[in-house]
Amino acid sequence: MANVNYMLRGTAACPGCPIPRELNNILEIAGKDTVLVVPASCSTIIMGDDIHGMPSVVPVVHSPFAAPSAIASGIKAAMNQLNKKGNVIVWAGDGSTGDIGFASLSGAAERNEDIIYICYDNEAYMNTGIQRSGLTPRGAWSTTTPEGKREFKKPLPFLMMDHKIPYVATLSIAYPFDYEAKIKKAMTISGFRYLHILSPCPPGWRFDPSLTIEIAKLAVETGIWPLMEYENNKLKLTGPSILLKDKSKRKPIEEYLKLQERFKELSDEEKRLLEEDINAMWLEIERRMS
Amino acid sequence: MKTITSLVGNHAVAYAVKQAKPNVLAVYPITPQTTMLEKLADYVSSGELKAELIKVESEHSAMASIFGAALAGARVFTATASQGLLYMGEMIYWVGGARVPLVAAIATRAIGAPWSIWDDHEDFLTKRDAAWIQLMAQNVQEAYDLTIQAFKISEDKKIIAPCMLGFDGFILTHTMERLELLDDSSVDNFIGKRDFSIIDFDNPVGIGTVAGPQTYMGYKYSIKKAFDGAKERIKEIMKEYSEISNIDYQPIECYKCDDADYLIAAMGAWSGDARVAVDMLRSEGKKVGLIRIIMFRPFPKEEISKYIKGKDILVLDRDYSFGSGGILANEIKSISYNLDSKIYSLIAGLGGKDVSEKEIKTLAEKMINKELGDEEWLM
Ligand SMILES: Cc1ncc(C[n+]2csc(CCOP(=O)(O)OP(=O)(O)O)c2C)c(N)n1
Ligand code: SF4
Ligand SMILES: [Mg+2]
Chain B
2 MANVNYMLRG TAACPGCPIP RELNNILEIA GKDTVLVVPA SCSTIIMGDD IHGMPSVVPV
62 VHSPFAAPSA IASGIKAAMN QLNKKGNVIV WAGDGSTGDI GFASLSGAAE RNEDIIYICY
122 DNEAYMNTGI QRSGLTPRGA WSTTTPEGKR EFKKPLPFLM MDHKIPYVAT LSIAYPFDYE
182 AKIKKAMTIS GFRYLHILSP CPPGWRFDPS LTIEIAKLAV ETGIWPLMEY ENNKLKLTGP
242 SILLKDKSKR KPIEEYLKLQ ERFKELSDEE KRLLEEDINA MWLEIERRMS
Chain P
408 MKTITSLVGN HAVAYAVKQA KPNVLAVYPI TPQTTMLEKL ADYVSSGELK AELIKVESEH
468 SAMASIFGAA LAGARVFTAT ASQGLLYMGE MIYWVGGARV PLVAAIATRA IGAPWSIWDD
528 HEDFLTKRDA AWIQLMAQNV QEAYDLTIQA FKISEDKKII APCMLGFDGF ILTHTMERLE
588 LLDDSSVDNF IGKRDFSIID FDNPVGIGTV AGPQTYMGYK YSIKKAFDGA KERIKEIMKE
648 YSEISNIDYQ PIECYKCDDA DYLIAAMGAW SGDARVAVDM LRSEGKKVGL IRIIMFRPFP
708 KEEISKYIKG KDILVLDRDY SFGSGGILAN EIKSISYNLD SKIYSLIAGL GGKDVSEKEI
768 KTLAEKMINK ELGDEEWLM
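If you're matching them up, the sequences are chains B and P in order. Using the working numbering, you'd call the opening residue of the first sequence number 2 and step up by one each time. Using the working numbering, you'd call the opening residue of the second sequence number 408 and step up by one each time.
Hints in this document: simulated from the structure, not taken from any laboratory. Heads up, a few of these hints could be off.
[Claimed, not checked] Simulated restraints, written as ranges between beta carbons of each label pair:
1. B:Thr129 to P:Asp590: 22 to 28 Å
2. P:Glu778 to B:Gly130: 55 to 61 Å
3. P:Phe608 to B:Pro253: 43 to 49 Å
4. B:Lys185 to P:Met408: 51 to 57 Å
5. B:Gly11 to P:Glu782: 28 to 34 Å
[Said to hold, decoys possible] Here are some chain B residues the structure puts well away from chain P; computed CB gaps all over 12 Å:
6. Ala13
7. Arg22
8. Lys33
9. Gly49
10. Leu83
11. Gly87
12. Glu111
13. Leu244
14. Lys265
The beta carbon of each residue, even a glycine, is placed where N, CA and C say it ideally should be.
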């Protein structure tokens, strides 16, 4: 298994796009008896076309934008009825997950469907050319927020914890051990598992493709993207985020912001509001941990 | 072996579904379909039907989940109406394009705004271009029989397409009628084993993968060819079914049209009223016949053309394409252009407006007397 590339090289992903690596590391653990359900997104394109074939070595079911949770529910139901074993994994962008497909995601989570739902969050509708989503952070430029987004980032991981599902985790490809441990953990649990990866996007966030991992890392180090895990109704921080509960240990958010042109026009006032969002998020984590 | 009983339409369809032994169901409540969903839930919870009923949070998800289940090899079913069918719309086209065998029953109902829970055919007909086989029942018996046939038609190797059964909201869904039920083993033998599964871990493929301008049209053409070929195969399947049920099934039914000078064309429950109108007209010596459409897609062009040459035809539409005309009337017009027939379009019964045999008779008389306009609305 170790020698298999689950995502073959040469995909249509942009230079510096973390998606192929993120997927490969998931499939390496999930193995060949896995089916991916992929809604309309950059990943639709990355999964190839009918002439050139697909990079995935496991079956891929393409899904309308709002439908992946329900399609995955149906696949799993059929497998149960027909006594087939295998993993059903949704691989969806933030727009599908938090906006148009949210009702369907919520429904599947509330029914505790036995599927793994993974949101790769590049914080906008990238496939259609960088429009804001509910998960775009405050202050970020996009083609539909030319002056910067005025609203906060919808807190999907918390919302999913509130569905009382067996497992919720946040991930970053900059921390592969933490990343893989969470995928492995998710594989051992049955019921609805929700994993949320912050997935930096060079053209959408306006940074140099060589900086993807650095930016992913800074998101964690500045406390913007806390790595955490929710299981048996309990929330805990994981990896480097454990120490970051202490605000003084976090790097200043400027280090993260200044590498991305999407925050170029951020005013001091907006930066203050963004910091408030982050503080509020950490308070919420503490509240949920106690 | 047949059992004689009486059931309301929703329960008759639920019973047919139970006999078809689907593995996965997903249904969302909407009037006038809901009592079917409840019946199916009873069957599943009592163990009479060994299947998973996914209690989805919307119709979009109902169709999406049975699509997923169908890809993984399950026989599947859903049902809806009106707003629910529209809400499902994206998935309806998706499964049509993907050519996945599955069955949906549509308890026909008007579309808002304004709100109406009552019957017409608009919802069913909005899906006429979605690459679905579409059948429409006239009574509870047909709703039962066509549901069973729908499973076989949709899974047939020469067809492979989703199949939709329409049956009139309340008029059939909630009306109790005498019903002849087949025994389970006859249904088993008739439908056969499902042999369709695409998700295969040893042979991984992409399903619904991007197709560029070089190939997209090819997929659409293959559906067209499948639909062209499906007609003959559906006739054979209907004949096979007729042999076990002793009820004759064909894509269209012709009632007294062989020697008719005038025709009425209709589909669905009110065809029964049209039939009574034909009898009344015949008793007065007026040679009127009825063409009833049972298979709406693929549209039985050749079958209908056989009867309409040179005839005046009153086409009953419980639907309307705004800016164009009655949908069934338009369909029939499209095959009558060089057959020298004249189509009179009657728009009636929208949103549950009652239409009587007498009214149909009167309109047919007006047609005979050349007093009818090209399009009349029976208000
Ligand atoms: C119903 C529907 N509305 C709109 C679209 C157009 N669309 C395709 S992908 C996309 C954005 C996807 O955003 P996200 O889920 O964040 O994935 P990303 O492209 O960022 O990877 C949109 C709006 C669509 N395919 N279907
Ligand atoms: S736009 Fe962003 S997410 Fe999409 S392929 Fe390019 S880098 Fe990846
Ligand atoms: Mg996105």
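Here is how each hint holds up against the structure:
1. B:Thr129 to P:Asp590: 22 to 28 Å: Violated: the Cβ-Cβ distance is about 54 Å, outside 22 to 28 Å.
2. P:Glu778 to B:Gly130: 55 to 61 Å: holds (60 Å)
3. P:Phe608 to B:Pro253: 43 to 49 Å: holds (48 Å)
4. B:Lys185 to P:Met408: 51 to 57 Å: Since Lys185 (chain B) and Met408 (chain P) have Cβ atoms about 56 Å apart, the given range 51 to 57 Å holds.
5. B:Gly11 to P:Glu782: 28 to 34 Å: The hinted range 28 to 34 Å is violated for Gly11 (chain B) and Glu782 (chain P), with Cβ atoms some 59 Å apart.
6. Ala13: violated (9 Å)
7. Arg22: holds (20 Å)
8. Lys33: The claim breaks: Lys33 (chain B) does not keep its Cβ more than 12 Å from every Cβ of chain P (closest is about 6 Å).
9. Gly49: The claim breaks: Gly49 (chain B) does not keep its Cβ more than 12 Å from every Cβ of chain P (closest is about 6 Å).
10. Leu83: violated (5 Å)
11. Gly87: violated (6 Å)
12. Glu111: For Glu111 (chain B), whose nearest Cβ neighbour in chain P is about 8 Å away, the distance does not exceed 12 Å, so it is violated.
13. Leu244: Correct as stated: the minimum Cβ-Cβ distance to chain P is 40 Å, above 12 Å.
14. Lys265: At about 33 Å from chain P, Lys265 (chain B) clears the 12 Å cut-off, so the statement holds.
Going down the numbered hints, you'll see the structure goes against 1, 5, 6, 8, 9, 10, 11 and 12, while the others check out.
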